[in-house]
Each structure stands twice: as C-alpha cells, then as structure tokens.
Amino acid sequence: MSQYLLAVNGSAADEAAQSQMTMEEMQPLFEAVERFNERLRAEGAWVFAGGLQPIGSTTTVDHTGGEVIITDGPFAESKEWLGGFWVIEAPDLDAALRWAAEGSKACAGRVEVRPFQDEPEA
Amino acid sequence: MSERDPHEAVERIYREEYGRVVASLVRRFGDIDVAEEAAGEALVVALERWPADGVPPNPGGWLTTTAGNRALDRLRRESRRDAKHQAALMIHDETPHEPTGPVEDDRLRLIFTCCHPALAPEARVALTLRLLGGLTVAEIAQAFLVPETTMAQRITRAKRKIRDAHIPYRVPAADDLTARLGAVLAVVYLVFNEGYLASSGERSIREDLTAEAIRLGRLLRSLLPGEPEVAGLLALMVLTEARRTARVAAGELVPMRDQDRGGWDRELIAEGHDLVRECLAVGRPGQYQLLAAINAVHTDAPDAAATDWRQIAALYDQLYAVAPSPVVALNRAVAVAELDGPAVALAEVDRLDLTAYHAWHATRAELLRRLGRSAEARPAYDAAIAATDNPAERAYLSRRRGSLAP
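These protein sequences, in sequence, are chains A and B. Mind the numbering: the first sequence is residues 167 to 288 in my numbering, read in order. Mind the numbering: the second sequence is residues 77 to 482 in my numbering, read in order.
Calculated directly from the structure, the hints in this document are not laboratory data. Since the model is a prediction, treat every value here as computed from it, not as a measurement.
BS3-like cross-link-like pairs, simulated, lysine-lysine; straight-line CA separation at most 30 Å:
no.	chain 1	residue 1	chain 2	residue 2
1	B	K237	A	K271
2	A	K245	B	K237
3	A	K245	A	K271
Please model the complete structure; the sequences and the hints are all you need to start from.
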C-alpha cells in the first residue's frame, strides 16, 4: 500500500465566493464531503483529512539561517494555494485516482493526486 | 532488407521480440529499468553466439531466459542494490489472477502502463515505441523531430512517474477497460499518422512508424479479439496504408479521385474489408470503426466516379454523432459536394471555425474553383499552402492554384 495526498486548491475567487455563502447553502457540500470521508474510513483508505482556514491566516517561519524569522502571509505569492486535503492509503495510482474522482465530486473542486515518498525499509 | 550481415538479422529478431521480452521481465522483476538493462545484455550475448551457433528455435524464449538470468545474476551480485530495488519496488501487481478476466498477456499489461492517462500524451507515445516497439531513443527522437536528449528526458521522467506514483502494471478492470483502451488506441493511431502524414523529417524512419503502428494494432487485435474498436483501428490503418504508394507521384500529393487504383495494395484492402465487416457486426460502432467503414467504401469503388457518396455522408453523420468535431464536419462537406453540389458544401464549410487548418483552406479552394470563383479560390490556395509544411501537398496546391481559370 502507498499513501497519496489528494490536494484541493483554492483561489481568492473561491474564498470570496465561499464567504458569500450562507451556512444553509454550504450544508450540502459539508454533507457530501462527510459521506466521502465515511466511505474512506469504511474501506480502510482513510489516513487524515482537513480543510484549511483562508490563506490570510498563514504565518511563515524561517529558521534556515541563524535566527528565527517570522512573517505574516505565505512564503510565495501565488494565484492558487492549498485549501484542504486528504491523505489516503491506496494499492496503486488507479485506486487513488478513483478516490480522487469521488472526492472532487464531493467537494466540488479539482483534486491534485500526489504520491508520498515510500518509507525506506528498515 | 539485406541480411548478409548476420548482426542485422540478430538485431531484427531482437527488435521483433523486444516487447515480449521486456514485458515479461517487468512482470518478473517489477522494474522497467532492470528489464531494459537485462534485455540489452541478452542482445550482446545473442550478437556473440547466434552468428556462430545459429538462431535458436524460439528466439523470444531464449532472449527472455538469457535476460532473466542476467538480471538475477546482477541483482545477486549487487545485493545492496537489490534491497534498494525491493524498497522502491516500482510496479505493483497485487491483484489476484482472475482466470475469467481478459487475456493477461504481459505486453497487454505493459501497453496499458505505457498509455496510462496520468502520463503526458507525448510520453505515452514515446514509452510505447521504446518498450513495446523496441525502437531506440535516438530513433524515436528522430521520428518526432526533437533532440535526442529531450526524448531521453521525456522517457526517463515518465518511467520515474510510473515508479513514484505506483502506476499499476495490469490490464484495467472491465468497467475501466473501454475508457483506458481509448487512450491506448489513440497512441497507436497517433504513431500511425505521424508516419503517414510525415510533414517533414527523414522519410525512412517516419515510414517505419506506420509499420510499427500496424504491428501494435495487430498485437492488440490478437490480445483483445472481442473489442470492435481494436479491429476498427487496425482496419482503418491497413486501408489507409493500402493507398500509400498511390498517394504521392513525382513528389506531388495525388488526391484520392486521381489516384491510380491499380497501385493500391489489394491484399491489405481485402484484410481491411474483412475487419470492417467483422467489427460492425458486433453492433457497437465507435469512431475507428466508422472511419474504417468510410475507407472501406472508398476502396470498394472501382473508380472515383463509382464512389457511393451517399453512404459516405451517412457514415460521417454517424461519426459526427459519436465524435462531434469540426474536422468531421469538414470531411462530411466533401461528400455533400458530390451529392448536393459545391455551393451547398461551401456554405457548410464556411460555417466551420477551422482557419488554422490547411485542409479547411484547401477544401474551400477546391469548392470555389468548381464554382468558377477563381478570384476567391486563389487566396484560399495561398492560405492552404501557408498552413502546411508537407512538400508534396504544397506542390499539389501550387499547381492547382496555377491552373485556375482567369
């Protein structure tokens, strides 16, 4: 089994649109994602998942030099950023792609599938 | 090919057997690089022994066994590397063998890996030609007119993705098969067209591509005899290939209506017609079957005047329903010109947004010519000539332009 990151990206437009939605309007989306999460757990594919707060809540920490430098905001400005993700277990890419297709439908967003590095054997 | 040079004979057999040898080694060792290296070592042994001892009765089996032994020797010798290979085992085959499933030929598994939708289309083509076709990286680079280093990087990158993302080495499950088969057939057809429509570049290598595509088509057909689109694609390729030599005369493209039909390959046409009948009888027409059927109607006519244009237009209608594209509509308009006249066809052509496509300009030019509208035909020929690199096509269009009525 291998682990894959299913990443859902967001943009300023997405965040703006979401902030305009009422809780009532968001409800079907939450429910669809929760149903998908339940399926992942039931099939033993679930590792971890979460949605992230808007990009404005980011803090960058840099301790690559002598001192710790803390800055507000992400390291690089970009048009899209990570909005939420799943980490799943799957036997191969085909299985991961099938989960991604379901997840994309559930969260109404494009999903990027990326394999984790294999753990080196002891 | 002259085979006075015994090495040439060995290399020909090696290339024919390469896909089978590598596919079998990939399954056994789970690693494409190990498989390729071992196959290369088996060639060195064959080049030493076969010229002296003669070609063994089952050269494919001999190469697979020899390569397998070499790979084992190497893995044993480099046990540290062996551990590393085990850790990074690149291709997973955890599916239990299903006796009722589709035929599990190793080459079929490998072609589905090479044509996986998670790989870039140009990488699918390159990997398929390298691993199934046994073409060298240099040959593939030459055929696709890119520097060898670029092609080598493309192939290396694709192999790394297969390993890192665990792209599986297996024939897709039945419910995925049709969609995934579409990607495989697209690769084979692209290889064929790259050779057939050779816009420029060195001819001989590119003509090899059509032969390679037909070989892959025959292989797929033998592995998936029940899939009508597989038979359809093979039919389409052989019916197109049958007309190859008649398609160019004295460096100039010859349109089908003017081709010397005596120069068509009757054996390939008979094979294509049999395949078309057989696949259409399944009752699941797809785009390759319909394109093959259109080619069957053309090759059925003893001369251009006897072409059954009504049937061709009907087949294009069916094709448009399956694969709606402006190029299909353009080709349909050519049949309409024969049925309802050039004015009706021109109206249809003018509605299509294909201004970057040389065939759109060429079709307009011919229709305007038939309508006696030379002043408009002239710039249409110019636009067609500007939009193509193919010297034979340019020569033909230039002559047509020059022979317009004033």
